[in-house]
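> This is what each chain is made of:
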Amino acid sequence: MTETSPYRVRMTGISKRYHPIQVLDDVSLTLRPGEVLGLVGDNGAGKSTLSKVLSGAIIPDAGTIEIDGAVVSFTSPADARAARVEMVYQDLSLCDTVDVAGNLFLGREPRRRLAGLSFLDKARMHAEARAMLDRLGIVIADTRLKVENLSGGQRQSIAIGRAASFDPRVLIMDEPTAALAVAEVEAVLDLIRAVSARGVSVILITHRLQDLFLVCDRIQVMYEGRNVAERLVSETSIEEVVNLIVGRKFIARSAGAADSVGVPA
Amino acid sequence: MSDNAIKQQVPSRLVTASWHEKAIARGGVVSIALFFVVVCIVFSLATDAFLTTPNLLNIVRQSAPLLIVASAMTFVITTGGIDLSVGSVLALTATLSAVLLQWGVPWPVVVLALLCLGAAVGALQGFFVAYEGIPAFIVTLAGLSVIRGIALLITGGYSIPVDPASGFNVIGRAWFIGVPVPALIAVVVLVIAYLVFNETAFGRYVTGVGANAEAVRRAGVNTRLVTLGVYILTGAAAALAGIILASRLGSGSSNSGQGFELDVIAAVVLGGTSLFGGRGSVVGTVLGALTVAVIANGLILAHLSPFLTPIVTGLIILVAIWLNFRLFKGGSRSR
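Here the protein sequences come in this chain order: A and B. Just so it is clear: in the first sequence, position 193 is 426 by the working numbering, and no numbers are missing. Just so it is clear: in the second sequence, position 218 is 213 by the working numbering, and no numbers are missing.
So that you can see chain A by itself, here it is in the shape it has in the complex:
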C-alpha cells in the first residue's frame, strides 16, 4: 500500500448528467484515513449520486477517483468492493425473499468444494452471520428468517452490518438512521466512532444534522450538484450548516428558525 498520499479518497472533477439534468457538476471530495465526513444538502443536491459513484454503482461522465493515492476506475460495484469501499444504500439494497445470513453474505458467500463442484457453505454462513450480528449487538432471533419478515430497524441493521463487517477501508452510509429507533441511532453512531477509530474512513449522509455534530470531523455541503462549502465541525454551527444547505435566499428565515430552536453545537 502506498502511503504517499495523505488522502484515503480523493475525488476530483466528478460530473454526471442524466439527459437534461446535470446531477453532479465538477464535484470534489477528499477523505483522510479514519476521518468521518458528513455529506449534506437538500433533496436532489447529488449526495446519493456522488456516493454511488464512489461505490461503483454509478459510472461518472468525467472526473477521477484516487484511493490511497492510486487512481482507480470503478466500472461496477464489484470493483469498488474489491478496493474495500462499502456502502449502506438509502433503499438498503436487501433481497426480501433471501434469509438474513444470505443477505449479509450476498456476493461473497462462503463456499465449500464437493466432488470438484462449488456449493454454498450454509452452516458456516449461518454461524458467521450469528457472530457478526452478536458483535454489532443486532437482535435477530434466527439468521434463517427471511428479511421480508423483519422490522424496518432490523432491516436497516442488516444493511449496516453487511457493510461494516468485511473490513472496509471506506464506509459510505446513505441515511443509515432513517428507520431507526432512538437507541438504535445511538448504536449506529457508536459504530461509526468505533470503525473510524480503527482507521476506517466514513462518509455519512443524513438529514439529522444533530448526528453530524456528534460523530463527524468535517461537513461538506452540496447544492444542486455542486460543492458549496466545507466546514470543520469544530468551527461551525447547525445554523450555519442549515443556511448553507438551503441556499442564501432563505437565509433570514432559516437562521431565525434555528435561533428560536436554540441548538448550538
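Everything labelled a hint here was simulated from the structure, so no lab data went into it. One should not assume that every hint holds.
Looking from chain A toward chain B, a few residues come up when the C-beta cut is under 7 Å (computed) [to be verified]:
{"#": "1", "residue": "SER326"}
{"#": "2", "residue": "GLY340"}
{"#": "3", "residue": "GLN443"}
Beta carbons are placed, not taken as given, at the ideal position from N, Cα and C, and that holds for glycine.
Once you have looked at the hints, place chain B on chain A.
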C-alpha cells in the same frame, strides 16, 4: 435480568410456532402437495389401474419432457422472467434430430449438437433480455414464432421418421433397472436442478435477481450473466425434451410441443413459484408437473373424456393459487 428473559422468550416462541410457520413459509409447496395427494387418492379409489407400478412409471415416462423443462423454467420465472419459446425449441430439436439421423450422423453426436443448439438459442434470447433490456415476454414470444417457423420450414410441415434400428431410440423407449430411461433422465435433471437452485451461489443469485436485481448487482455480482444463464438452461432443457420426445415417438414433427410452454409455466406456477420473481421451489415444480400429469392420466383411466383435462387443470391452477393467497397469506408480507 429482564433483558435475559426477553432473549429466552424469543427463540422459544419461534420453536412452538415452527410447524405453522414452516407451512406458511412454504405455502406454495404445501398447497400443491395437498392437491397432489388428493388427486392421487381420488384416482386410486376411482380406478383399479391407477395405483399400479406400470401406470405410475408410465406417468413419469410421459411427463419427463414436462418435468425437465419445468425444472429449468423454475429458474427463469424465479428471476422474474419467462420463456415462451420452449415448445418451439422442443419442436425444432425433435425435427432436427430426425433430420440429422436421416443424414447418417451418429446419434451421440446428434444429441450433443442439439443440446448445444438449444443452449445457443437460449443464450441468444438471454442476451436480448439481460444485456439489451428487452422484456423477456417479448423476446421469447418472438423466439416462439421464429423457432417454430424454422422447424416448419425444415420439414415442410411433415413429420420425419427415425430409423427404428437406431441407437437413438434408447433415450425415449428403453428401460434400465426396471425404470424407463426418460424417467431416469428426468430424475437426474431434477436432482441437479434442486442442488443448483438451493445449494449453489448461482441458485442464490437467481432468487436474488428476482427479489432485487439492483441489490445483487451492488453486491458485486454480474447479474446480467446470471440472467443470461437461466435462458441457456431453459434452451438446453427444451432441447433435451425434444430429443426424448422424438426418440419416444420415433419421429420428429415440427408440430410437436404446441402449447407446451403453457403446460410448463402452469406446472411451475402451481408449484408455488411466483411469476413476479424472487420466490421459487424446484420441489413445488415437480409436484406441480406431476399433478398435471396425474390428472391427465387418471381421467383417461376413469374413462372420462380426455378433454376434461384442460378444464380440471385450469381450475386447479386457479384454486391452488387462490389458496396460496388466502389460506397461506402471511408467508409473503404484502407491502
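> Now tell me if each hint is right for this structure.
So, going through the hints one by one against the coordinates:
1. SER326: 4 Å, holds
2. GLY340: 3 Å, holds
3. GLN443: 28 Å, violated
The structure is inconsistent with hint 3 alone, although it conforms to all the rest.
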